[in-house]
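Residues per chain, in single letters:
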Amino acid sequence: MTTLLTILFDGVAYGMLLFVLACGLAVTLGLMNFVNLAHGAFAVAGGYVCAVLVNQSGWPFFAALPLAFVASALIGVVFERGLYRHLYTRGHLDQVLFSIGLVFMAVAAVDYIMGSSRVFIKLPAVLDGQIDFFGVGIGRYRLMIIVICGLLTLGLQLILSRTRFGSRLRASVDDPRAASGLGINVPQVFALTFAFGCGLAGLGGALSAEILGLDPYFPLKFMIYFLIVVTVGGSSSITGPFLASLLLGIGDVAGKYYVPKLGPFIIYAIMIVILIWRPNGLFGRTAAR
Amino acid sequence: MSIRANMLLGAVAAAALVGGSAFSAHAADTVKIGLILPMTGGQASTGKQIDNAVKLYMKQHGDTVAGKKVEVILKDDAAVPDNTKRLAQELIVNDKVNIIAGFGITPAAFAAAPLATQAKVPEVVMAAGTSIITEKSPYIVRTSFTLGQSSTIIGDWAVKNGIKKVATLTSDYAPGNDALKFFKEHFTKGGGQIVEEVKVPLANPDFAPFLQRMKDAKPDAMFVFVPAGQGGNFMKQYAERGLDKSGIKVIGPGDVMDDDLLNNMGDAALGAVTAHIYSADHQSKENKEFLAAYEKAYNQRPGFMAVGGYDGIHLIYAALQKTGGKADGDSLIAAMKGMKWESPRGPISIDPETRDIVQNVYIRKVEKKNGQLWNVEFETFKDVKDPGKTKK
Numbered sequence: 001m002t003t004l005l006t007i008l009f010d011g012v013a014y015g016m017l018l019f020v021l022a023c024g025l026a027v028t029l030g031l032m033n034f035v036n037l038a039h040g041a042f043a044v045a046g047g048y049v050c051a052v053l054v055n056q057s058g059w060p061f062f063a064a065l066p067l068a069f070v071a072s073a074l075i076g077v078v079f080e081r082g083l084y085r086h087l088y089t090r091g092h093l094d095q096v097l098f099s100i101g102l103v104f105m106a107v108a109a110v111d112y113i114m115g116s117s118r119v120f121i122k123l124p125a126v127l128d129g130q131i132d133f134f135g136v137g138i139g140r141y142r143l144m145i146i147v148i149c150g151l152l153t154l155g156l157q158l159i160l161s162r163t164r165f166g167s168r169l170r171a172s173v174d175d176p177r178a179a180s181g182l183g184i185n186v187p188q189v190f191a192l193t194f195a196f197g198c199g200l201a202g203l204g205g206a207l208s209a210e211i212l213g214l215d216p217y218f219p220l221k222f223m224i225y226f227l228i229v230v231t232v233g234g235s236s237s238i239t240g241p242f243l244a245s246l247l248l249g250i251g252d253v254a255g256k257y258y259v260p261k262l263g264p265f266i267i268y269a270i271m272i273v274i275l276i277w278r279p280n281g282l283f284g285r286t287a288a289r
Numbered sequence: 001m002s003i004r005a006n007m008l009l010g011a012v013a014a015a016a017l018v019g020g021s022a023f024s025a026h027a028a029d030t031v032k033i034g035l036i037l038p039m040t041g042g043q044a045s046t047g048k049q050i051d052n053a054v055k056l057y058m059k060q061h062g063d064t065v066a067g068k069k070v071e072v073i074l075k076d077d078a079a080v081p082d083n084t085k086r087l088a089q090e091l092i093v094n095d096k097v098n099i100i101a102g103f104g105i106t107p108a109a110f111a112a113a114p115l116a117t118q119a120k121v122p123e124v125v126m127a128a129g130t131s132i133i134t135e136k137s138p139y140i141v142r143t144s145f146t147l148g149q150s151s152t153i154i155g156d157w158a159v160k161n162g163i164k165k166v167a168t169l170t171s172d173y174a175p176g177n178d179a180l181k182f183f184k185e186h187f188t189k190g191g192g193q194i195v196e197e198v199k200v201p202l203a204n205p206d207f208a209p210f211l212q213r214m215k216d217a218k219p220d221a222m223f224v225f226v227p228a229g230q231g232g233n234f235m236k237q238y239a240e241r242g243l244d245k246s247g248i249k250v251i252g253p254g255d256v257m258d259d260d261l262l263n264n265m266g267d268a269a270l271g272a273v274t275a276h277i278y279s280a281d282h283q284s285k286e287n288k289e290f291l292a293a294y295e296k297a298y299n300q301r302p303g304f305m306a307v308g309g310y311d312g313i314h315l316i317y318a319a320l321q322k323t324g325g326k327a328d329g330d331s332l333i334a335a336m337k338g339m340k341w342e343s344p345r346g347p348i349s350i351d352p353e354t355r356d357i358v359q360n361v362y363i364r365k366v367e368k369k370n371g372q373l374w375n376v377e378f379e380t381f382k383d384v385k386d387p388g389k390t391k392k
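Chains A and B, in that order, give the protein sequences. End of the first sequence = 289 in the numbering used here, gap-free, step of one. End of the second sequence = 392 in the numbering used here, gap-free, step of one.
Calculated directly from the structure, the hints in this document are not laboratory data. It is possible that part of the hints are untrue.
[Stated by the list, open to error] Example chain B residues on the side facing chain A (calculated, C-beta under 7 Å, incomplete):
id	residue
1	Gly42
2	Asn52
3	Gly162
4	Pro201
5	Ala208
6	Pro209
7	Gly232
8	Asn233
9	Glu240
10	Asn264
11	Pro352
The beta-carbon is built from N, C-alpha and C at its ideal position, and this holds for glycine as well.
One chain only, chain B, in its complex shape (with noise of 0.2 Å):
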């Protein structure tokens, strides 16, 4: 018995040492970072957007910033907050991430937060896009958008170019609520009105119902929250119901129009307006080289998650540099703090005072060149800040 423990203890304390020095050995000159992101289940397009986006960078860029070499470690987790949680533990206890990034919804943001706060690890958001998310902890910096930076732009658009009455169609979850509160907000103070609001299940099936309800109420505009997949669906049974030829417009954040999926919805979307923060048609250096070797490598075009991905590994990447190496957390949100640069979707910044983004919302009009369907953008509102915290 005692032989048996002493023999347990000896091989214990051995596997420490040797597990200890190896990690030790490893960490001088490795930064790894734990990407999180829902690779399977119904948001698994985010999260392989934002993966393919992250695998590109680093292979346009190399794995090694300031004499370290970077490694990424892909988990799953299906969009189910308690895996995120448990990712997050397993990956800062076991695997010694210096980062943890990715997050495809709020939720998963949130669960992870504590964790962040706790290990002194920068949570880098790189999807989710409610309000509140950076407030959940000193370590999260976002790299995608928040819903009010469009939905209040399109607000104001919408009351200045004569867009009195519209109803309002979103699926009733965190971020739609946001997208409609802060639309409204904007759109009556401007002098518009909302003449019907209708929330949409998020595992709706058919929007036939709730589209007769927007033909019936005769809006001038409908505006339109679905998350990033389903746009296409509902794009498409407003055309069968002939909402398009009633002459009420669609307009809303971008996410309706999603990049990636925009070219299969037909001639349907032609014509609507969304302010959103990337177009894969933005005219830039930048945005082009992007698009062209995203879609030469995944035969795909990028959609604004993949920027977002895009940029959040650039932002690690910068930060590395920046501290030449040192890839503690608070050193790390130290650098990431005021970061500048020319993004695909054009210049951003991470703002100081509250690690949000803050960039361009642009307004496009999808419209058609050479076959294809594109947002194509005519009116730059610059720097928006997350209007979430601005008011405080």
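Chain A extracted, bound-state conformation (with noise of 0.2 Å):
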């Protein structure tokens, strides 16, 4: 029973984790209906810009989890502005080909700036071990995932609903026209909207450094797995990922623990099972836009 419970609470982290870093990943390709490939580079720059602080200016690890995403939210605007905005109008194939290339050209950069070995991030000491709770393992550093992913998903779900942002953003996603005829502002508040997902990413990256590992292929390796969430979620609202994260985690814990020969395939059958179901995902509108 305990063992469960852990196995459970470690799903839900890694479930949060997957979430943070595709949520960015939902909102471009649900909202925008870009296909932003290179979404993983973005967390990338974050996880480095953290790791940079922490292990080299000293920075301690909360104050430098901000930062991750204050910098991949800054190179999300200069991307957006200088080349994403040229391709929102183009054809699906263009925007793959170009963000394929750009995650290409991350890697080669990370590659050559940072080094290919696995970059960690000092944690504070807080964050080592597990806490024992009546027999059920809890990790320090996962609780802290689930923390803060909790949140966020709170906070997002706030804004989009709640905020006069948000409204103005389902009014340019539901309508572009219709909305910048009423003096809404598109290209700015996709822009922020960019940038924010982006942020997210790269805050994802810096938390993703202790248990996915970061690397310059970490876009590469870990793109398949945002696309998982994606689609399994559908990508109209953040409900949908959030769910869809949380079940893939799980069920990838989960199997992992119980079957560990059919692990790694439990992520997969939960897609196909659910796409047979849903076509659209979980929460997936039709593809009438």
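Using the hints, put the two chains back together into the complex; each one sits in its own frame.
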């Protein structure tokens, strides 16, 4: 029983991490209808910024985390204004080719600057080890991930549904022409959203160094996971990807624990079953846009 | 039309003449080594270490041996065997290399083997560690190690040191399966018991569920093999899950405690016992010099991959010395067989029967010295041959 809870806990933490990494992709893909395979590159940028700040400049870990967000968001803005903007109206194939090229460039650049070996971020002692909670082993670091990501999800949901910016964004997505007719600065809304998604990826990259391992090939290695989250979750809201991440995280961890021989395939099996059942994902709308 | 064809023919002939004469003039005093390594991709750290070591050796010993100038042509195969094969072919046919060397992973070494046989070009394997490699061609010589060498030794050691129940965690690919097979054989023969056996996918993001399984199996120790580079993540999660405190020791071949990553692993690695062929802490004059020179040149601690490269280029130099500069495949291979020397890792030799490396395997424990983590050697098994071949 206690093992089951530990597994569940690990699964939730893993799922939350996937969500933070992938939800920016859900936003660009679902809300802005842009296929951005280079999403992981922003995660890597955040991860390395955090690693350099903590390991080389001696910043405390918790101070470096927000900076990982800010740095990736800034890079996101620059790229969105400089490059992505020109491809919004182009076909999906162009977008795929462009963004995959960006991934390879990012991988080569990080490899050149930072070297190819894995990078670890020095963690404060508070985050080491496990807490024994009535026999259930709770990893401190994973607990922190759950808390941070949980708060973020709540915040995102509130921003999207309650704030003026949220309604502008939804309006811009539903009908960009009508929205701009009403005086909403659509490109600006998109740029901000894109940057925010990149920032989240950066934060996710910094958080995942400990669990997934941070190296220059991260964007390629985990691209498939991000895409699974978005396809399974559907890309019309953030609730879908959130539930999908949790499902995949728990499924993956539990599968590897209970049937280690089949473990790595469980995540794909879940994806296939869900997509047969609901081809547009759990919360997908029909591909009208 | 015919004029054109003639001109074309003439041009080709002239080019062949120029090329041919340039080549023959060249070949007389240059020995070319085609170094094929993964310089990009997931195995890049292996490639970089070997490249560094080869460059370091040539800086220390000059680029002339027995009156010949040694020229190294580095190619990146990104650890994709198809690339390895294509590059090896280009090097042999176009660049007319005398030796091909490197090979970060087992499939890469396999891919080049038929070419080595056909072209009678020695293939010096500096990294890949699956037992069977040297049997793939009579022109293959290995200066790295085989997983059997360290895995059998740690199996024997575990039995002798009161470890009765072991859970295993190995990466699911040829070297991981080799490590597991040899360990299991020796450990169970000595009366040990395997209580849990988990194979981890090679591209594994998160060890958590597998480690939880290890913890629940309550073994005395866990036998771990993960490829060079993944050891850091593994040890971090091992500590996170509190396995260090629950008394489950880490044992295994030394790949998991690779020297170039060891310092980043944190105190969780303390006390891990591994059997391996090289520790940066090896106490000898040769190693002290090698370590100092490598750290000075690359600002990094060399790992066992670097030593494999360093010894590989040394073997080529020594063989050329012995043949007096004769660089055809058969003479070189004949010269390499039985070669003995003192490497930074300790005394090593090339088995004349199998062309595989014979070396000491050391049992080491991770300890802290001057604030840094080191694999401190405390027991030596002398002149270990590859157990994959001695059995036959």
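Structure-based check of all given hints:
no. : hint   : result
1   : Gly42  : holds, 6 Å
2   : Asn52  : violated, 12 Å
3   : Gly162 : violated, 27 Å
4   : Pro201 : holds, 4 Å
5   : Ala208 : holds, 5 Å
6   : Pro209 : holds, 4 Å
7   : Gly232 : holds, 6 Å
8   : Asn233 : holds, 4 Å
9   : Glu240 : holds, 5 Å
10  : Asn264 : holds, 5 Å
11  : Pro352 : violated, 37 Å
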